[in-house]
Amino acid sequence: MKASATIAVARCGERDVVIDQRCSAPFSVRQCDGRILLASSAAAPVGGDELELTVDVGAGALVSVGSVAASMVWPGVGGESSSMTTTCAVGDAAHLDLSLEPTISLARSRHRTTTLVRLGSDATCRVLEETVLGRRDEVSGRLDLSLRVERDGRPILHHDERFGPDVPGAWSSVSVGAGRHVVSAVLVGIDPGPPEVCVEADRSAAWLPVAADAAVAMAVGPDRPSTMNMLAALHPALVRTAPVSKPRA
Amino acid sequence: MSPPHGPHGLFQNDVRPAARPPSVDRALRIGVGGPVGSGKTTLVGSLCRLLRDELSLVVVTNDIFTSEDAQALRSAAALPADRIVAVETGCCPHTAIRDDIAANLDAVEQVESLHHRVDVTFVESGGDNLTAIFSQGLVDVQIFVIDTAGGDDVPRKGGPGVALADLLVINKVDLAPYVAADVDLMLSDATARRDGRPVMRSSLVDPEGAGEIADWIRHSLEHWRTGE
Amino acid sequence: MDAALLLLVDGRFPAGGHAYSAGVEAAAAVGDVVDTPTLERYLLGRIATTGRVDAAFAANSCARLQCATDADALAVLVANLDEEYSARTPSPYLRHTSRRLGRQLLRAVTRIWTTPAIGAVSAVAGGAHQPIALGAAVAAAGGDANDATALSFHHLTAAVTSAAVRLLGLDPIELAVVQERVGRRCDGFRSDATEWASMAPADLPAWGGSLTEILGEHHGSLDARMFVA
Numbered sequence: 021m022k023a024s025a026t027i028a029v030a031r032c033g034e035r036d037v038v039i040d041q042r043c044s045a046p047f048s049v050r051q052c053d054g055r056i057l058l059a060s061s062a063a064a065p066v067g068g069d070e071l072e073l074t075v076d077v078g079a080g081a082l083v084s085v086g087s088v089a090a091s092m093v094w095p096g097v098g099g100e101s102s103s104m105t106t107t108c109a110v111g112d113a114a115h116l117d118l119s120l121e122p123t124i125s126l127a128r129s130r131h132r133t134t135t136l137v138r139l140g141s142d143a144t145c146r147v148l149e150e151t152v153l154g155r156r157d158e159v160s161g162r163l164d165l166s167l168r169v170e171r172d173g174r175p176i177l178h179h180d181e182r183f184g185p186d187v188p189g190a191w192s193s194v195s196v197g198a199g200r201h202v203v204s205a206v207l208v209g210i211d212p213g214p215p216e217v218c219v220e221a222d223r224s225a226a227w228l229p230v231a232a233d234a235a236v237a238m239a240v241g242p243d244r245p246s247t248m249n250m251l252a253a254l255h256p257a258l259v260r261t262a263p264v265s266k267p268r269a
Numbered sequence: 002m003s004p005p006h007g008p009h010g011l012f013q014n015d016v017r018p019a020a021r022p023p024s025v026d027r028a029l030r031i032g033v034g035g036p037v038g039s040g041k042t043t044l045v046g047s048l049c050r051l052l053r054d055e056l057s058l059v060v061v062t063n064d065i066f067t068s069e070d071a072q073a074l075r076s077a078a079a080l081p082a083d084r085i086v087a088v089e090t091g092c093c094p095h096t097a098i099r100d101d102i103a104a105n106l107d108a109v110e111q112v113e114s115l116h117h118r119v120d121v122t123f124v125e126s127g128g129d130n131l132t133a134i135f136s137q138g139l140v141d142v143q144i145f146v147i148d149t150a151g152g153d154d155v156p157r158k159g160g161p162g163v164a165l166a167d168l169l170v171i172n173k174v175d176l177a178p179y180v181a182a183d184v185d186l187m188l189s190d191a192t193a194r195r196d197g198r199p200v201m202r203s204s205l206v207d208p209e210g211a212g213e214i215a216d217w218i219r220h221s222l223e224h225w226r227t228g229e
Numbered sequence: 136m137d138a139a140l141l142l143l144v145d146g147r148f149p150a151g152g153h154a155y156s157a158g159v160e161a162a163a164a165v166g167d168v169v170d171t172p173t174l175e176r177y178l179l180g181r182i183a184t185t186g187r188v189d190a191a192f193a194a195n196s197c198a199r200l201q202c203a204t205d206a207d208a209l210a211v212l213v214a215n216l217d218e219e220y221s222a223r224t225p226s227p228y229l230r231h232t233s234r235r236l237g238r239q240l241l242r243a244v245t246r247i248w249t250t251p252a253i254g255a256v257s258a259v260a261g262g263a264h265q266p267i268a269l270g271a272a273v274a275a276a277g278g279d280a281n282d283a284t285a286l287s288f289h290h291l292t293a294a295v296t297s298a299a300v301r302l303l304g305l306d307p308i309e310l311a312v313v314q315e316r317v318g319r320r321c322d323g324f325r326s327d328a329t330e331w332a333s334m335a336p337a338d339l340p341a342w343g344g345s346l347t348e349i350l351g352e353h354h355g356s357l358d359a360r361m362f363v364a
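Protein chains in written order, with our numbering: chain W, 21 to 269; chain S, 2 to 229; chain R, 136 to 364.
Check the hints yourself; a few may be wrong.
Quick list of simulated restraints, FRET-style, between CB atoms [as the list claims (entries may be wrong)]: (1) R:G323 - W:T74: 32 to 42 Å; (2) R:L303 - W:T74: 24 to 34 Å; (3) R:D358 - W:A89: 39 to 49 Å; (4) S:D100 - R:A359: 19 to 29 Å; (5) W:L136 - R:D137: 38 to 48 Å; (6) W:E34 - R:E330: 23 to 33 Å; (7) S:E69 - R:A260: 23 to 33 Å; (8) S:V184 - R:D306: 25 to 35 Å; (9) W:E34 - S:A78: 38 to 48 Å; (10) R:G323 - S:V25: 43 to 53 Å; (11) W:V88 - R:G304: 37 to 47 Å; (12) W:P185 - S:R27: 36 to 46 Å; (13) W:A198 - R:A359: 19 to 29 Å.
Counterexamples of contact, computed for chain S against chain R with all Cβ distances above 10 Å [unchecked claim]: (14) R50; (15) G91; (16) C93; (17) D101; (18) L106; (19) V184.
Hints are computed from structural coordinates only; laboratory data are not their basis. Note that the coordinates shown come from a computational prediction; the quantities given were computed from them, not determined experimentally. Ideal placement from N, C-alpha and C gives every residue a C-beta, glycine not left out.
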């Protein structure tokens, strides 16, 4: 199954207006409490699915995109791979908050998540990706993550990571050890917080300033609550629920 | 009886350290090496206190665990913290000062560039064995520190540090009576091996105990700058 | 292989590699690497992630920096490689370490060879990242992208195994067997070298590991360590 959702928002006067909202099953898009929420109306993705999400934030607009529920990745009948590709363009002086509910990799599934965020000059963002490697006592499938954030065409972060029992070095200290809840976040332009590097006391999470006004946070934990607690200790903006207020003066 | 290794009357080269070539304009780099516990860090601390009012000094330390020595020097307030940097040795103190000097050279150049007109850079090696010696690519002159408690046969055993260092320091002479070490024997054995290079004794219990070594550094600096 | 390239292969080349463990010191400290099998697992993980990234950047910089038509084009390409490599290394400490290793390599290399590419990478503020410096050095020594890839993997493998010998006292002969086995896997990746050589830097591999960055950053915050990273 191939499916896509497109969301475009423009700044009109004092308001942010959704000027384009198209989606095909299993996607549906809702607006709720100032956020735009993606809902999936079927058990998706399953092996073979190719899902696409495109977000266009016009100059000066503020958009918060989330999802209604976690995304369970199911194995295909013939072992095919599935994919979810998210592409965001954020115009000048606009802001994107992108934090979908976790992607959960189930046993024997094969999935690729690709997220590309292109920021215009003075654009800001909070992008947060959560991954769960298998349900309780389940060995996850193969999961490839790719996260790239650019500003004015120049890269701020490009991090790809591969998980799964057949991956070289799987479950070693190269990647996630025994951790099953994995979070990567990129904050650009919004309250970059402490300029200092900070590693959480248990050595499982770190706040990594990568530019004067940008930081990456990474965390690996046994479950969602403990991982989110580590992130909250690094910086409150990492776990704040959207919508955010526009930070600019 | 002549020593089994050492100078030979048929070969006479000038053993004094080189003066600065005209094209080079930088600090005099002094290596301080020697076995574990011989008193290198204490000596560097004493020298810093004796010289810091007249000279601009920086220190690069090498240690098994990065910054033990740097911390000791900082907490002794021998120099401001930004004048003391530590280099990792990858478990091999002599490799870092002799074979692959890249990390030390990088640290020396970085810290010298951060301060205006440094006069003297001390590079303190990690405690090592008697075969350690500083590369000429890293330092201009070197001091090798041994101590009476390490055994009074060390000068006789020799090795590159004992034989070739520009200055050999026999430290902790105050302890000699307690460890049955013969300081005079150490001095004569050392002198026999060193082809006229200087040997000094020190006791750093006395704050002025490194005074003679500080004078040697002043002369070395003068020689480095003027060739005199 | 020419004498010039062998210089760069030799771990005794004075570029400061002896104080780099490629994360093994931190991995041993957290109890992930304790013996030869866990070391091999760690090494395979690094080969597949940062190892591939480093090899790709070395191959790319080796091939493309030689082809730049003028000094301006060269500077643009070096800046592009530099920002793309930084984006793949979010840990500020690991970035700093990579630049330091690059600087150390170039200090020796510039005394031997002078090429426009070596000049351009030497001009990077704070020091060129190690793989970019290595690529330029391999080109200066007469090597190609395939050589740069092989050297990059070799240095990672050697750094990991020799650090384990020194930190954990593992059997160096057993580790030589591991090195040979892992080396064959690296040779498999070398079929990618030609492709890496011609890619735009933005498209080069970006494989990494969360704990590589987190533990690497933590290692840098310690005031007691034996290896720079």
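Do the hints match the structure? See the list:
1. R:G323 - W:T74: 32 to 42 Å: holds, 36 Å
2. R:L303 - W:T74: 24 to 34 Å: violated, 50 Å
3. R:D358 - W:A89: 39 to 49 Å: holds, 46 Å
4. S:D100 - R:A359: 19 to 29 Å: With Cβ atoms ~24 Å apart, the hint holds.
5. W:L136 - R:D137: 38 to 48 Å: holds, 42 Å
6. W:E34 - R:E330: 23 to 33 Å: violated, 50 Å
7. S:E69 - R:A260: 23 to 33 Å: holds, 32 Å
8. S:V184 - R:D306: 25 to 35 Å: violated, 45 Å
9. W:E34 - S:A78: 38 to 48 Å: Distance hint for W:E34, S:A78 is violated at roughly 60 Å.
10. R:G323 - S:V25: 43 to 53 Å: holds, 49 Å
11. W:V88 - R:G304: 37 to 47 Å: violated, 54 Å
12. W:P185 - S:R27: 36 to 46 Å: violated, 56 Å
13. W:A198 - R:A359: 19 to 29 Å: holds, 26 Å
14. R50: Non-interface label stands for S:R50: nearest chain R Cβ at 23 Å, farther than 10 Å.
15. G91: violated, 4 Å
16. C93: Violated, because the least Cβ-Cβ distance between S:C93 and chain R comes to about 6 Å, which does not exceed 10 Å.
17. D101: Contrary to the label, S:D101 does not stay out of reach of chain R, its closest Cβ about 4 Å off (not over 10 Å).
18. L106: S:L106 is in fact no farther than 10 Å from some Cβ atom of chain R, at 7 Å.
19. V184: Check passes; 35 Å lies beyond 10 Å.
In summary, the numbered hints that this structure violates are 2, 6, 8, 9, 11, 12, 15, 16, 17 and 18.
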